[in-house]
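With the hints as constraints, model all of the structure from the sequences given.
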Amino acid sequence: MEQLSAKALRDRIAAGETSSVEATEAILSRIEDVDPALGAYISTHREMAMERAADVDRRVKAGEPVGELAGVPVAVKDNMCTTFGATTCASAILKDFHSPYNATVVEKLLAADAVIVGKTNMDEFAMGSSTENSALRRTVNPWDGARVPGGSSGGSAAAVASRLCYAALGSDTGGSIRQPASFCGVVGLKPTYGRVSRFGLVAYGSSLDQIGPITRSVADAALMMNVIAGRDAADSTSVDETIAPVCDYLEKLAIPVEGLKIGVVSEFNAGADEPVREALGEAIGVYEGLGAEVVEIGMPRLDYAIAAYYVIATAEASSNLARYDGVHYGHRSERARDYVKVYTKSRAEALGKEVKRRIMLGTYALSSGYYDAYYLKALKVRNLIRGDFTEAFRKCDCIMMPVAPTTAFGIGEKVDDPLTMYLSDIYTIAANLAGVPAISIPCGFDGNRLPIGLQIISPAFTEDRLLAIARMFERQTDWHKAEPTVSGGH
Amino acid sequence: MGGPVEHKVIVGLEIHVQLCTRSKMFCGCAVEFGAEPNSRVCPVCLGMPGVLPVMNRQAFEYAVLAALALNCEIARFTKWDRKGYYYPDLPKNYQISQYDMPLSANGFIEIPVGGGGTKRIRIIRAHLEEDAGKNVHSTGGFSQVDLNRTGTPLLEIVTEPDINSGAEAKALAVELQRIVRYLGVSEGDMQKGHMRFEPNINLIVTRDGTEYRTPIVEIKNLNSFRALERGIDYEEQRQLDEFLETGQVMESGNKTTRGWDDERQMTVLQREKEEAHDYRYFPEPDLVPVELAEGRLNEIASRLCELPISRQVRYVKEFGLSEYDAGVLTGERATAEFFDRAVESGGEAKRVCNLLTQTGLKIANERGCGIGDLGFSPKGVAELAAMVEAGDVSATASAQILEAMVETGKEPRVLAEELSLLQKSDAGELEAVVEQVLAENRQAVEDVTAGGKKSKKAMGFLLGQVMQKTRGQANPKVVSQILAAKLGGG
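Chains A and B, in that order, are what the protein sequence lines are.
Each residue of the first sequence is one higher than the last, beginning at 1 in this note's numbering.
Each residue of the second sequence is one higher than the last, beginning at 1 in this note's numbering.
The set of hints was computed from the structure by calculation and includes no laboratory data.
Ideal placement from N, C-alpha and C gives every residue a C-beta, glycine not left out.
There's no promise every hint is true.
[Unchecked claim] Where chain B lies over chain A, by a calculated footprint (3+ residues, C-beta under 8 Å):
(1) 19-25
(2) 93-99
(3) 230-240
(4) 364-372
[What the hints assert, rightly or not] Heads up, simulated PhoX-like pairs for lysine-lysine below, C-alpha to C-alpha not over 20 Å straight-line:
(5) K379/B - K350/B
(6) K377/A - K379/B
(7) K379/B - K380/A
(8) K379/B - K410/B
(9) K119/B - K350/B
(10) K353/A - K95/A
Rendered as structure tokens:
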């Protein structure tokens, strides 16, 4: 049954052909078997999940209407607030933090009758590209236990790839959905900034953060988008639907894009490893076989994306994370004797090394005397990159490039070299800076049978076309059907 | 050295005015004074992880209205910024404020300076921001935090250093209070901390033809008119003494912060050598900039009214009222508007003024309501004034009638009759009574006609007799005229 798509499972449950209790129980026991070694989840919520599953089954039996994700076991990254369990952000400072409210996306999942089985591991406060920065758990790559699952939504990607849920939510500030999706061989969509409400997403880089689905297929990503997309009055930066209406992404999926023009930045792509470049070339070849045309485009400012990103994201983070001070909630040092020491000791004790590094970087970038040279300049670069995209989309419908320069790297391989780690975000960051949607879909394997992702980027608020383009490839290939051999501890 | 010394005090004010919106600046919590600590809070104003602010439109419109009344230029495009600093009463450890693009700038306020004159104080800017909570320092060696006030909308007004005395600062404060109350944008209740002042004070000292500027002192958080005036007066003397003693002049970095000790009526040093605070301002990514459309601005501007100071000047010039009376009448917009309508209905201005200031406002104050809530109309007051003017009732009786109007809601003429307060002014009718009194009091008549010392006293006696016979309903003016005519002279 784990082989079903979320959509198929939902339809069978809604039709009374199978029960949510059965599906949820299967997922939960699989988690119990597999997850001690995999480490995808920070917390699971068996009792609540089983109750909700039983409720969906009861309503189906009673002939009552059920939601778009009725009875489907899903997972949520642990930086989205839930009133059940803790919302830890994989940080010691929020280890025991219980949110008094649900994030808007969580409310939407619940309203669609999804069964949330657990909350997934991540890099602390979503800062990282390997999930190694989690203060609470280690997650390994389902395809190779000695490698990282990518990050920061590594737990969600590993859970989906290992069939420990049917779909999951991740968040993407600089590639945190797409890169782990690529490393784990699943589909990951970062929607347009403003398409999905951020209310209840614990902020890292507020102007870049966006929630999106991680799924086993493009169709399931579309299904998840149907549930989570849309304007939220609680998020001023979510976009007015009179300007950019949401649509039925599933319905639009079946419509292939005629006369597709694919933009490629050859020079930029040259920096990726050989197997990644090869897989990209072959993927584009598949599209050409479908009648697509490839256009070479210039995006001269992409080289500055990483620099701009690490200034903007860390600046915002330094402010966003100021609230974790031990005063109102979260870890408070027992050694503090005055309020300044409550701040300094609580933060020193309970924030991880990478989080501290980014807070320091961001604080520096915003300091008087440095603001213009760093933050302001980064904003200008960001505008230029936006301009590059606008320019590019005059010539093509979408841009294709690698998701990451490499496949999944070894655990511990880059932890002591933050700059190299930062460079692994080179292909994903630009879409966040420009606010445009981007998807990672499985497009091959390297020599070590590690998955490779194809990144497709499209203009703002064209998720429907982006998903349709991704679906064109999926229909022609079997990469998304490949499964890691995940075994339990016995 | 040692020559004649002159000095001038230079004051600029930073004023925080609490706007009287029902809910807070960025969340739906009620703004309420005196509620149980931490009972008017929600995840947003508590700065919980994942929350996002949503701008209160009412607060924005109130701020624009106030800024218009302060003759400011209104920005058609304005944005929000984060001001970072750590303090336990600030749960996010940043305050949402406006930095480089305030909603208004370059205005002025006219303040009364005695003799019917006004002085113009320039306003640098007025912007919106959220208030912090309150730290309550207990005696047990710990502090408690009450966050009910957190997120309350504040209008921050910054003046140029155009103020030259404590009295002027106080006049500005009083004037501003009247303005915000007139516009209905703030209750301006000092007891509830609705207006808080932070003057920046120094002196220009002239000695032997050379000008010296003393170091700037900022007095923190003054919340009464008296403290504001006295604090500045105290600083004026203290800085002069200090200069004469030390010769210390203003230089960069020697600004200090002092607090006002109300018990000892003096300022006390709080922070020496205030290092330039680095608030690390940057644009608030969670809020969208505000664009104010022409139509909306015009709509807000249509809510402006004649301001108290110009009304006050008009009352003195046009109606010949005393400055004191004009001040009382313009103290509240409702009173001034009631007065204007009574005058428009034909009431003689001075008589209307007397009725309102001596009786109407007294009753209103006793009942804790406005003049318009007492049950009499401007037209009724105009009519009563006309009756006094015509001599139909005495000034004393008119007060009694006005009181009765409050009790009964009846017309003044009806009440005058019911209470037998109408004066007899019919000369024919009164002449008969006078004749009778003269016939009965020969001695007094003789005293009058004899002239000399006793004449005046006898005249008063005769008048008294007439009044007695008419049970006080005779118009004493008319009786005096008849007596004088009959006895010659007077």
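Report holds or violated for chain B covering the stretch 93-99 of chain A, Cβ cut-off 8 Å, minimum 3 residues.
The restraint on the stretch 93-99 of chain A holds, since 3 of its residues have a Cβ under 8 Å from chain B and three suffice.
Are there at least three residues in the stretch 364-372 of chain A whose beta carbon sits under 8 Å from a beta carbon of chain B?
With 4 residues closer than 8 Å to chain B, the stretch 364-372 of chain A meets the three-residue bar; holds.
Are there at least three residues in the stretch 19-25 of chain A whose beta carbon sits under 8 Å from a beta carbon of chain B?
It is violated, with 0 qualifying residues against the three required.
Check the hint pairing K353/A with K95/A against an upper bound of 20 Å on the C-alpha distance.
Since the Cα atoms of K353/A and K95/A sit roughly 16 Å apart, the hinted pair holds (cutoff 20 Å).
Pairwise hint evaluation, K380/A against K379/B, where the allowed Cα distance is 20 Å at most
Violated. K379/B to K380/A sits at ~65 Å, over the 20 Å cutoff.
Does the stretch 230-240 of chain A contain three or more residues whose Cβ lies closer than 8 Å to a Cβ of chain B?
holds (count 5)
Would the pair K379/B and K410/B pass a check requiring their Cα atoms to be no farther apart than 20 Å?
holds, 12 Å
20 Å limit on alpha-carbon distance, applied to hinted pair K379/B and K350/B:
holds, 15 Å
Between K119/B and K350/B, does the CA-CA distance stay at or below 20 Å?
Since the Cα atoms of K119/B and K350/B sit roughly 27 Å apart, the hinted pair is violated (cutoff 20 Å).
Mind checking the alpha carbons of K377/A and K379/B for me, to see if they're no more than 20 Å apart?
violated, 66 Å
In this structure, the hints that do not hold are numbers 1, 6, 7 and 9, in rising order.
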